[in-house]
Amino acid sequence: MDSNKNNIGIKLEYEVKKDDFTRAGEASSNIKKVLRQLGIDSDVIRRTAIATYEAEINIVIHSEGGTITVYIKPDRIEMIAEDSGPGIEDVRLAMQEGFSTASNKIRELGFGAGMGLPNMKKYTDEFYIDSQKGGSTTVKMTIYI
Amino acid sequence: MLIKDIKELLDAEFLAGYEYAEREVNAAFGCDLMSDVLAFVDDKVVLLTGLTNPQVIRTAEMLDLNAIVFVRGKIPPKEVIDLANEMKIVLLATNHTLYTACGILFSNGLKGITIGGVEG
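Protein sequences, first through last, are from chains A and B. Here this note's numbering is used: position 135 in the first sequence is 135, and no number is missing along the way. Here this note's numbering is used: position 10 in the second sequence is 10, and no number is missing along the way.
Keep in mind the hints are simulated off the structure, nothing from the lab. Heads up, a few of these hints could be off.
The calculated BS3-like cross-link candidates involving lysine-lysine, where the alpha carbons are at most 25 Å apart (straight line), are [stated by the list, open to error]:
#1 33(A) - 78(B)
#2 122(A) - 73(A)
#3 33(A) - 4(B)
#4 121(A) - 133(A)
#5 78(B) - 18(A)
#6 44(B) - 122(A)
#7 44(B) - 121(A)
#8 88(B) - 33(A)
#9 105(A) - 74(B)
#10 121(A) - 33(A)
#11 74(B) - 7(B)
#12 74(B) - 4(B)
#13 78(B) - 17(A)
#14 105(A) - 78(B)
#15 88(B) - 78(B)
So here's chain A without its partners, still in its complex pose (with noise of 0.2 Å):
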């Protein structure tokens, strides 16, 4: 029964509302205290916290809304983010560090610099990504403790 416990591990879950550009970060924040609170190691937190935070970003700037999902394991970290659209037309081109479809208001925000999704493959072990235009994105990633 422990063991099972064990296995599934601790899960976290938030809702990340498209434009909300003040909160964006909140999910994050919380994420990287529970970690924090559980005694992972630093750098495990650190590289969660960025990922998380770039996909936040992600779903506030660029989709209809969505959720970010974290499973704490004992030998792991899984990330889920998953959006409700409206997907990206060209998955590849949209993984290339300076690629953007961000509006100005955006940038002069501080984002849509074309490396969000980059930096999500690059501070993770795993990385997957699935969308389709006109569907849904979700993107997942995985951090071994």
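Model the placement of chain B on the given structure of chain A, informed by the hints.
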């Protein structure tokens, strides 16, 4: 370099975190693109920027950054200063431009971070 030395060199004023003036930083990074900050910066780095929105504080929080210097006389809104206080992040404000502020710190021995083997 200590934060109190940065304050003196830049003729800056404390907006938050006065009590952490003895904290040390190892390098500086001047940038208005937060995703670039997230891509390249490590902890114990002071960020110099002209951006004053809450995401500057959030970016610093994710990276465990010690201190932020707002350049060009920019003062962030109260909620941004409140967030920095909550996160125990030092905020300084200087009238110098980004270029000049970085130049003053660099010429006083505070180096840039290293990107791809080159000092940034």
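Evaluation of the provided hints:
1. 33(A) - 78(B): With Cα atoms ~23 Å apart, residue 33(A) and residue 78(B) stay inside 25 Å; holds.
2. 122(A) - 73(A): Roughly 21 Å between the alpha carbons, so the hint for residue 122(A) and residue 73(A) holds.
3. 33(A) - 4(B): 28 Å, violated
4. 121(A) - 133(A): 21 Å, holds
5. 78(B) - 18(A): Cα-Cα ~24 Å, so holds.
6. 44(B) - 122(A): The given pair, whose Cα atoms are some 21 Å apart, holds under the 25 Å limit.
7. 44(B) - 121(A): Holds - the C-alpha atoms of residue 121(A) and residue 44(B) are around 24 Å apart, at most 25 Å.
8. 88(B) - 33(A): Roughly 14 Å separates the two Cα atoms, so the pair holds.
9. 105(A) - 74(B): Cα-Cα ~19 Å, so holds.
10. 121(A) - 33(A): 22 Å, holds
11. 74(B) - 7(B): 15 Å, holds
12. 74(B) - 4(B): Distance of about 19 Å is within 25 Å: holds.
13. 78(B) - 17(A): 23 Å, holds
14. 105(A) - 78(B): The hint holds at about 22 Å.
15. 88(B) - 78(B): Answer holds: residue 88(B) to residue 78(B) is near 15 Å, not above 25 Å.
The earlier numbered hint that this structure contradicts is number 3, and it is the only one.
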